[in-house]
Amino acid sequence: MFARLQKDRRRLLGLALLIYILPFILHNPYYLTVLNLSALNILTVCGLTLLIGYAGQISLGHAGFWALGAYGSALLSLHTGWSPWITTLLALLGTIGLAALMGVTILRLRGNYLVMATLAFNLAVYFFLVEAEDLTGGPPGLPGIPPYKLGPLVLASDLAAYFLIWTVLLLILFLTFNLVHSSEGRALKALAASETAAACLGINPHWYKVLAFVLSAAYASLAGSFYAHYLSFISPKTFDIFFSVELVAMSLFGGRGSIWGAVLGAGTLTPLPHLLSFFDEYRDLIYGALLMGVLIFFPQGLMGLLERVLRSKSSGLKS
Amino acid sequence: MNEATLLWQFLFSGLAAGAIYALVALGFCIVENSLRIVNFAQGDFLTLGGFLMSTFLLAWGLPWPLAALLAVIGVGICGWLLERLALRAAKDRGPLTLIFITIGASIFIRGVIKLVWGKNPRIFPPMVTGEPLRLGGASLAPETLFILVASLVCVVALQLFYRFSRPGKALRAIAYNFRSAYLVGLPVGFLTSFSFFLAGAIGAVAGLLIVPITGVSFDTGVILGLKGYASAVLGGYGSFPGAILGGLLLGLLEALVAGFISSGFRDVFTFLLLFLVLAVKPSGILGSSEEERA
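Chains as they are written, first to last, in our numbering: chain B, 1 to 319; chain P, 320 to 613.
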């Protein structure tokens, strides 16, 4: 187990090196924007991987937690004038509280019922954001959200946000790897394999499910807050159920049950619509077909594909 | 208009919307009873039915019964193809993968619709026209009445099919126990495909009924599909009577909330209520009482 943690840490170091070198090669701010959005999605999908791949539960409502993080922190900082760091933390705590409450009640549900409950949560949040115009600005959105400040430094440019967001992401990835290689992480993994067997071994399924749910909601809330203070503008459209669906699709695309799969899935699927914007007409067609194709032909996602290729190469070298 | 008349008016519009939700919910239940997954393309079957009908009726100039029949069969075949080509290939992969294949299919169908019919909404004239009926001071438009009657006919036909025909009985056997059905020699593959044909056809019927009132654009099916899904869950997922009850309840509730409280917050109320129902009674109104349904 410890060897695997070492391996993940080495890979993480490699990723960090790549991340900190990249802005010196890429000079187009548009690429930086896409990379920043990718980082936020990776953060959320990481949390979803804990929930889906480790605890074996489905949620189609995580865009709702994004919205809570984004609107919560944005509105607080706009109305009170507090520093975005503090409001991010407050929104995070609020989301954790709500997610814990939700988790305790709805994680008793299974399969379809859990999917519907999380969808219903997302839809209720979405329609509330649209309708409560006096508070949230309604469909046109909420402009003028203050950026993060570090002493005299205002982190408003794409480059500054790049370093901020990716540093936070790398830190959280580090912590997540610690978690999944700890006994708690193994308990979660056991839950996904067989809930009954896990319960027989003395793992309390409900408690661990709630833990994974709250963690994944916290990741999403954090991503939402960073999104709001980075782009300085948010609108309800960003947080509809399609975004929730996309997030889970990223997790499956990359390979569920693997944190690196989350990095790979969100890292490739986030830029894809931007690439496909050249042929906008066919965008849905290609996206839909690609999603079906990967799920049918590569059930373990990109990560499974990558591991198969690596293994066949190393076994080829031995023989 | 006084309160009582208003109430009647809301009840009628609520029942009509509820009948549509019930038809969509039945589509979800048909699939639940064969493959045991949520088919998120169900709402897009409805959209597809509406667009096919508009082409047959307006561009080709077919009489409406023929156009309707062709549209229903056409969407049914799309459902069949979805099962045969995409889901069958991944049938051992677990429900989450299958559900996301249907989500991929849903995005794909919307892409096809955008490509073939464009992004502009379409509408076609109602199949029956005439003077509105006066009932209890409220007026009941003939197309609303048509929705109620046609949905009732569909529900009864579906019940009769499942109760008395051989393929219907076989489908019930599959719903009861897939493995045993396979062991006694039922053609489970064919029957699963056939259930998707039925789901597509009933989705198309819902589309034919609602389009003359609201029109149809490429994303019409998304929210209607969700409402139908919500109805099915509310009634107890997989139960046919539950789907009908859930659909009508949801339609009535929405109409009353929109009429007497706030039309804007209608959807917030709807989904909050659904959330609460699930938190209190997880298996839905007519669902089996065991908490942990697969």
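Treat the hints as calculated values from the structure; they're not laboratory data.
Cβ coordinates follow ideal geometry from the N, Cα and C atoms, glycine included.
Take these hints with a grain of salt, some might be off.
[What the hints assert, rightly or not] Cβ pair distances, simulated, as ranges:
1) D411(P) <-> C200(B): 23 to 31 Å
2) T80(B) <-> S582(P): 14 to 22 Å
3) N439(P) <-> V154(B): 40 to 48 Å
4) L18(B) <-> L434(P): 35 to 43 Å
5) R10(B) <-> A408(P): 58 to 66 Å
6) S582(P) <-> P140(B): 18 to 26 Å
7) A408(P) <-> C200(B): 49 to 57 Å
8) A408(P) <-> L13(B): 35 to 43 Å
9) L275(B) <-> V435(P): 19 to 27 Å
Here is what the structure says about each hint:
no. : hint                            : result
1   : D411(P) <-> C200(B): 23 to 31 Å : holds, 26 Å
2   : T80(B) <-> S582(P): 14 to 22 Å  : violated, 33 Å
3   : N439(P) <-> V154(B): 40 to 48 Å : holds, 45 Å
4   : L18(B) <-> L434(P): 35 to 43 Å  : holds, 38 Å
5   : R10(B) <-> A408(P): 58 to 66 Å  : violated, 37 Å
6   : S582(P) <-> P140(B): 18 to 26 Å : holds, 20 Å
7   : A408(P) <-> C200(B): 49 to 57 Å : violated, 35 Å
8   : A408(P) <-> L13(B): 35 to 43 Å  : holds, 39 Å
9   : L275(B) <-> V435(P): 19 to 27 Å : holds, 24 Å
Violated hints for the displayed structure, listed by number in ascending order: 2, 5 and 7.
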